[in-house]
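J.: Sequence:
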Amino acid sequence: MVTQRNVCVIGSGISGLAAAKAFRESGHQVTVIERGPDLGGVWEPSRSYPDVRTQTPKDIYAFSELPMPDGYPEWPSGQQVFAYLRAYAERFGLLPLIRTGQSVTRLAKRADRGWDVTTTGADGTATTQSYDFVAVCTGQFSHKNKPVHPGADAFEAAGGRILHSSEHNDAESVRGQRVVVLGYSKSATDVAVSAVRHGAASVTVVFLEPAWKIPYFFGGLINFKRILYCRAAEAMFLPFDAGPVRRFVQRLAAPLVWANWRALETLLTAQFKLRRNGLRPKTRIEDDIHCNLAVETPGFYALVTEGRIATIQGTIAAYEGSKAVLTGGQRIPADLVVMATGWRQDVPVLAAADRATLVDAEGQYRLYRWMVNPDLPDLGFVGFNSSFATNLSAELGAHWLVRYMDGRLARQPTRAQMEAEIARLRVWRQHERPSAKGYGGLCIAPYHNRHFASLLADIGVPTREANPVTALFAPLRPPVYADLLARAPAYQAGAPAKQAARIVGTSRAA
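When we follow numbering that gives the first Met the number 0, the leftmost residue of the sequence shown carries the number 0, and every step to the right adds one.
Hint data in this document are derived by calculation from the structure and do not stem from the laboratory. Some clues are possibly wrong.
[As the list claims (entries may be wrong)] Cβ-Cβ distance ranges computed for the label pairs, FRET-style:
hint, residue 1, residue 2, range
1, Ala253, Pro149, 44 to 54 Å
2, Ile311, Val256, 45 to 55 Å
3, Arg449, Phe216, 39 to 49 Å
4, Ile226, Pro478, 20 to 30 Å
5, Arg274, Ala355, 45 to 55 Å
6, Arg283, Ala487, 23 to 33 Å
7, Thr326, Thr413, 33 to 43 Å
8, Pro478, Gly70, 14 to 24 Å
9, Ala350, Ala121, 47 to 57 Å
Glycine residues also receive a C-beta, built at the ideal position from the N, C-alpha and C atoms.
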């Protein structure tokens, strides 16, 4: 019999909701800890910048058991995604499990297995509770990367504003303002386009290097999901576990693959007028197919061409008076500076020794299947297998993790197997695909289908397609995975290990 456990899920975004559902449905007691005022993670309204939309089409940016509403557009707004996540939590009874306004400040291993989790509320009260298992579901958007430059205090004291993109949530606040956006990500171009549309006096985007962006429709005709999310596109990349036969086939196909990428670069260069605007990247597009790849904000390149958005290569060196001084010496008048500089993926609440076990000296996470470390028992990570299909990555990962915890995987890994695969992935990132080192090595793109198939095989679900040729060119379809997961060997946790999460201690800040 599988023992019922008390599980702590940290975070209530997409990954946290997926984990809470998977652990609860397997019969475990679940507590979800959320530092924000509501569920939703990056989609919680106070963290969303104006006019934010998904990069992924709605039929893919969905959980397998709950499609997004038919009335939603192909790329839903932030408000619509938040409403969808709340509907998901309501449908599967997750709302009573969530404790909002609680920040996890410490994770400490217990001598008798499990972890002590210390949380602090808004009033400063700190509480420590023990759990049998902890699932960290904070993903890649939990710690702001907000650079600080000389002169920032004086700039703000004089009335200037410096915000991280997640803090910029008032569209009308840009009206008549001189806006500088630092970065070239999707959030950077979203903020820039929104600022123009809401009456900013000027908009300047400052970035280190231009990067390839994917249009919602290639050539204005083909939805990018039919290219980026199909197995045929994935097959152009050599996976880390490729055997001799696959490597031989890859070498034979190399000229055709190379020609395909060059043709795609030519198409994008023409479609976005990249040469005319001085925004053609120096990198090969195939090296940019990872989790940093952004979809073009509709209208961004057109506004650059019209001169309504200025672009300058460089970065901010300092602030002088009401101007942002760039590394190239340019002085840009600014009332508002938006740092679209992304996030840091980190787990600072772990003790230094545990964090050193989790992350190597090069900043690469040591995780088997992107979820567990053999030297950190009773701890797992959901959503750290970052991808272009966030919901499916989290959902399949959560189902894998609960079975791993319960010892119910069909292919339960040994310690030696986990260590060997972690080491093999590290060598592959180092020598064969350096771009995979981004996000601390936690990006599974472009290998979505391969990763999902591995997780399902571990769970004990075969994934053979009735028509392999059709499947080769079909985009991901979440409902298919609901059917596959329904075939997984069923079980329910029985007698509890503990009646409830034990309160170890409580203290209040002075």
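J.: A separate judgement is required for each hint: does it hold in the structure or not?
T.: Verification of the supplied hints:
{"no.": "1", "hint": "Ala253 to Pro149: 44 to 54 Å", "verdict": "holds, 48 Å"}
{"no.": "2", "hint": "Ile311 to Val256: 45 to 55 Å", "verdict": "violated, 35 Å"}
{"no.": "3", "hint": "Arg449 to Phe216: 39 to 49 Å", "verdict": "violated, 27 Å"}
{"no.": "4", "hint": "Ile226 to Pro478: 20 to 30 Å", "verdict": "holds, 21 Å"}
{"no.": "5", "hint": "Arg274 to Ala355: 45 to 55 Å", "verdict": "holds, 46 Å"}
{"no.": "6", "hint": "Arg283 to Ala487: 23 to 33 Å", "verdict": "violated, 40 Å"}
{"no.": "7", "hint": "Thr326 to Thr413: 33 to 43 Å", "verdict": "violated, 51 Å"}
{"no.": "8", "hint": "Pro478 to Gly70: 14 to 24 Å", "verdict": "holds, 18 Å"}
{"no.": "9", "hint": "Ala350 to Ala121: 47 to 57 Å", "verdict": "violated, 25 Å"}
Against the hints set out earlier in the document, violations occur for numbers 2, 3, 6, 7, 9.
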